[in-house]
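Chains A and B are the protein sequences, given in the same order.
So the mapping is simple: the numbering used here equals the position in the first sequence, first residue as 1, plus 2.
So the mapping is simple: the numbering used here equals the position in the second sequence, first residue as 1, plus 2.
Honestly, the hints are just simulated from the structure, not real lab data.
Do not take every clue at face value.
If several chains are the same, the list does not tell them apart, and a pair holds so long as it fits within one copy or across any two.
[To be verified] With a cut-off of at most 27 Å between alpha-carbon atoms, the simulated DSSO-like pairs for lysine-lysine come out as follows:
1) 351 x 534
2) 73 x 236
3) 534 x 595
4) 60 x 81
5) 351 x 236
6) 73 x 141
7) 534 x 81
8) 73 x 534
9) 351 x 61
10) 595 x 236
11) 236 x 81
12) 141 x 595
13) 81 x 351
Note that the coordinates shown come from a computational prediction; the quantities given were computed from them, not determined experimentally.
There are 2 protein chains.
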Amino acid sequence: MQSKILSRRDLAFLLYEWLDVERLTERPRFADHNRETFDGALDTAERIATDLFATHNKKNDQNEPHVVDGKVVLVPEVKTALDAWSQAGLLAAAQDYELGGMQLPCTVEKAVVAWCKAANIATSAYLLLTGANANTLLKTATPLQVERFVRPMLAGEFFGTMCLSEPQAGSSLSDITTRAVPDPVDGPEGERQYRLAGNKMWISGGEHELAGNIVHLVLAKIPDAEGRLIPGVKGISLFIVPKYVLDADGQPGERNDIVLAGLNHKMGNRGTTNCLLNFGEGQFQPGGRAGAIGYLVGQPHQGLANMFHMMNEARIGVGMGATVLGITGYLHALDYARTRLQGRHPAQKDPAQPQLPIVEHTDVRRMLLAQKSYVEGALALVLYSARLVDEQRTAPDEAARTRAGQLLDFLTPITKSWPSQWCLEANSLAIQVHGGYGYTREYNVEQFYRDNRLNAIHEGTHGIHGLDLLGRKVSIQQGALFRAIGEEVARMAARGRDVPGDVAQYAAQLDTAWRRVEEVTLALYGAGDMNKTLANASLYLEAVGHVVIAWMWLEQALVAAPALARAEREEDRDFYRGKLQACRYFYQWELPKVEPQLALLAQLDTTALDMRDAWF
Amino acid sequence: MQSKILSRRDLAFLLYEWLDVERLTERPRFADHNRETFDGALDTAERIATDLFATHNKKNDQNEPHVVDGKVVLVPEVKTALDAWSQAGLLAAAQDYELGGMQLPCTVEKAVVAWCKAANIATSAYLLLTGANANTLLKTATPLQVERFVRPMLAGEFFGTMCLSEPQAGSSLSDITTRAVPDPVDGPEGERQYRLAGNKMWISGGEHELAGNIVHLVLAKIPDAEGRLIPGVKGISLFIVPKYVLDADGQPGERNDIVLAGLNHKMGNRGTTNCLLNFGEGQFQPGGRAGAIGYLVGQPHQGLANMFHMMNEARIGVGMGATVLGITGYLHALDYARTRLQGRHPAQKDPAQPQLPIVEHTDVRRMLLAQKSYVEGALALVLYSARLVDEQRTAPDEAARTRAGQLLDFLTPITKSWPSQWCLEANSLAIQVHGGYGYTREYNVEQFYRDNRLNAIHEGTHGIHGLDLLGRKVSIQQGALFRAIGEEVARMAARGRDVPGDVAQYAAQLDTAWRRVEEVTLALYGAGDMNKTLANASLYLEAVGHVVIAWMWLEQALVAAPALARAEREEDRDFYRGKLQACRYFYQWELPKVEPQLALLAQLDTTALDMRDAWF
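Bound conformation, chain A alone (with noise of 0.2 Å):
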């Protein structure tokens, strides 16, 4: 039976047909890797998440994390399915092997972290914030912050956060108020040591009882002399806050100075406690006094810069899980679509006639092939984006990495976005195909939904990225970016040209779809007041992100055309054809979409910059 929660025939695909992961293992890096282990790396992904993370899924969000005598209680499957990731080895997946990993490569570790993704989203958010926070501290850490703080998370013995956001603070982090004041007292091996005060909104993962600590990541700013904090994103800098304060030994002791303040009660995404937590209040009062002990990572005032490292990492990761909770969805529907019986052919008029599957009647095909379109288009982003970081990391030579690391951070705004907003819509199709019984919670699809929805907000919301993309990315390095994009495109646009048939049709259209991307680009520059330049840059994120993704079907196409001639058996050949056919779907149906778009934003379109508030 072929799993509901992702197709191992396409990560096949993409992972060694397209992106050739198998040639990562000329580097030395990867060099004790082959097919077989990352194979067996995805067999063994797939088996626990199979078998201990799809299987509480519903659990979780039907029994959300609540507070009894203070501490949170979770459906005790939860820890039983994260141990078993760590336990394999999976948390540390892509780590050193000197810190306990396997050296995988991002792209087939993060094939590997779909699969715990897609079939329980909000279990699998612990695993990943302490993968990221145990990235960024590997970063900019000292070895004994790595020591005490980033091992135990490797091994899953502590699990990570990120505190950014505050009550008065989450898009604008430059208004974050929580102050860290030297202690006067040093930390381990005469470590400075900071006390810490504020609150912090948002927390997911903030508060639980799944490990044997919480290594939070704080921003916060240091005071100046006179106890003024720095206005702005300047003042900010980056701290190591543990639940318990680690003893002698690195084991947790006492209990550090932060407190639950309250839960957030989510429309989905229910299994993931997320909450507000007071840092510093003195209820519990660490070394003999109030203030939540914390460690300086990096230097003074440099925190975001530092946490954007888990930030961007967090992004990516997002785009991966509003992609999954999309496929899985596609996946639920189409198996649905394959057993409801229901009506009969247009053309048929004898009522006596046996219903049909209705996968048969072509408005299910229509709304099948448009989640086909956009969950194999986003994951084949997804993982383009591990490509180019296994490049950025990799590459034998400086300028291949400096390349993809532009690349990379070019997309990044549309790898986080645009499966948020079209992932969901397939999640929203899928339920569709279900009619009534999709809107139930007795079937699965309703709850993707409800997970999907919160991935346009969180790590930077819409709006944000849109803003990112436009007035940042684009013009940063004097367009650097945005040209290495561009080239990209055009090549792939010239080598589709060549190929026999629809290909050659797709690859113009994507050529002259990014020449309008660049004229309208040089349009919006050309306004001379950033207010204008800026006004509709969601618009502008959308319609990047629909060339983007047609860019990502013709990469793919550009695979599937020649193997579905060179293919034997028939099943092979209905997967290219698949391929191929969801590739004409989104050139015939969502490229031309973008047209409008690209229109109102070469006009400098002042529709919402001119509306007024006393006019609502």
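Use these hints to put chain B onto chain A, whose structure you have.
Below, chain B alone, put in the same frame as chain A:
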């Protein structure tokens, strides 16, 4: 303080400034009415909705109906609210005086009903099903049936349902298998009595203790002499099947043979019980034997035609429900955007400056303006449809009545579907404006989003309405409905051409768009293969829907533009400016989405038609 349920100002604009409902008072049926009586009904509705419906909307959602000792338990506020509504006479607001009604025009009644729906869609469902049930019976039932079932419903003593679907027959009603067999025993006053047996799914309001009785309107098949059911819709008849059989005095007596087989647990709309009912299982034995007692309504085998009255009314009701959920979400988002402080303008470089209300950010204004353009466009369409009902019923000359009926028939699938799609999108944007808070159940907007997702499913899915529009409404009466709409659009476009400024441009855009719809429709019917003609019917529904809403916006702009020129009070000028800006938004941002859709239709695209099951 402005209500966050609905805007009275906007209702006044639509009812009095645009649809001119005061002119209806020149007609005999409405002769006792005037603007004061209309406003009086709206005042009452607003008060009850605000005090008794909105106040338990969240409680209703969080305390879902459940079964205790075989009875469905609801929060007590539901009954209080429903009783207040009935006792104020609002349930029968549009009915004849003779039936205890107020004889309000349908247009005004729909505006009245909008209040309770916007305040609490789940609780109001009981009223609306009851009203639609009563209206259906008033069309076709015998005087005795009216006396025994309709009068108590209009007084709020009995509630009504519609029982169409079965587990194996949802969209495909022709496949129902519920049987109705003549009973040897006669019913009251010699009425022919039937015994029904079968399972009915998705019955909203199907079981509860809110009223003295539940009047089920049930579709069933009368077997032929050999006991066989006639395949297809031709075999369907309509029956009244009360929960309690009435005694000789018309009071609820013996329990009928109808058993609650299970409650559905929905994503939203949780306060409305929705259930599977088993008829004729024998658990209750009215008159000493098994079989649910029912009474034929109208002629045998005409059940679907008779039920269509209820379905059409319910479809406009669904459109209204989707619309007002969009409106209340928009008003909540607007309120939040005016009070939430976050961030600064792009040009503001000083982070020490205070944060702004987020309505000052262009992207937030875009999201609010999009919501305004969707929800006020949808409300215009729903009230325009209601105005057509008034014309159809009370216009002095027959030609006008016929034409109103044609316009209404054509618009019904759009009035049902367009708000279900776009006011859901408005609710998504309302969440987005709230950021993370919007995703939590501590706020209200996530519920509106969950509630609204139902509307593209029930009373005919989106796909079914696409087929209805393109496969039926376009072609019946030799295309007379389609031509009638075209003439109305052309008339408005012609009027708009003479208005100075942007309105003339909108009129030209609308005219072009409709001509394109005409061309495309001809191309689709020229395919010579109904499978091809109808392959993309959902897309046709969406494209034509957008053009229709553009028309509704032109109608509003044609009122608002001169009113702005005349207005003296600043708040009136702001209101009209807002209308014109929302119209501008729709013509700049929305209507252009239609051209690629129409281009795809004109090509007779077969991407979905060609897709094979095996390729997924």
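Status of each hint after checking the structure:
Only between protomers do residue 351 and residue 534 lie at most 27 Å apart by alpha-carbon distance; the minimum there is 17 Å, versus 58 Å within a single protomer. Taking the closest pair of Cα atoms, residue 73 and residue 236 never come within 27 Å of each other, the shortest separation being 36 Å inside a single copy and 63 Å across copies. With identical chains, the CA atoms of residue 534 and residue 595 are at most 27 Å apart both within one copy (23 Å) and between copies (22 Å). Taking the closest pair of Cα atoms, residue 60 and residue 81 come within 27 Å of each other only inside a single copy of the chain (15 Å); across copies the shortest separation is 32 Å, beyond that limit.
Proximity of residue 351 and residue 236 under a CA criterion of 27 Å is satisfied inter-copy only: 12 Å between copies versus 72 Å inside one chain copy. Taking CA atoms no more than 27 Å apart as the test, residue 73 paired with residue 141 passes in neither setting, with 33 Å inside one copy and 61 Å between copies. In this assembly of identical chains, residue 534 and residue 81 lie within 27 Å of each other by CA distance neither inside one copy nor across copies; the values are 50 Å within and 53 Å between. When the C-alpha separation of residue 73 and residue 534 is checked against a cutoff of 27 Å, the pair qualifies neither within a copy, at 50 Å, nor between copies, at 61 Å.
When the C-alpha separation of residue 351 and residue 61 is checked against a cutoff of 27 Å, the pair qualifies neither within a copy, at 45 Å, nor between copies, at 48 Å. Within a single copy, residue 595 and residue 236 get their C-alpha atoms no closer than 40 Å, and across copies no closer than 43 Å, so neither meets the 27 Å cut-off. In this homomeric assembly, residue 236 and residue 81 never come within 27 Å of each other (Cα to Cα): the closest approach is 39 Å inside a single copy and 58 Å across copies. In this assembly of identical chains, residue 141 and residue 595 lie within 27 Å of each other by CA distance neither inside one copy nor across copies; the values are 41 Å within and 46 Å between.
Proximity of residue 81 to residue 351 under the C-alpha cut-off of 27 Å is found in neither arrangement, the shortest distances being 56 Å within a copy and 46 Å between copies.
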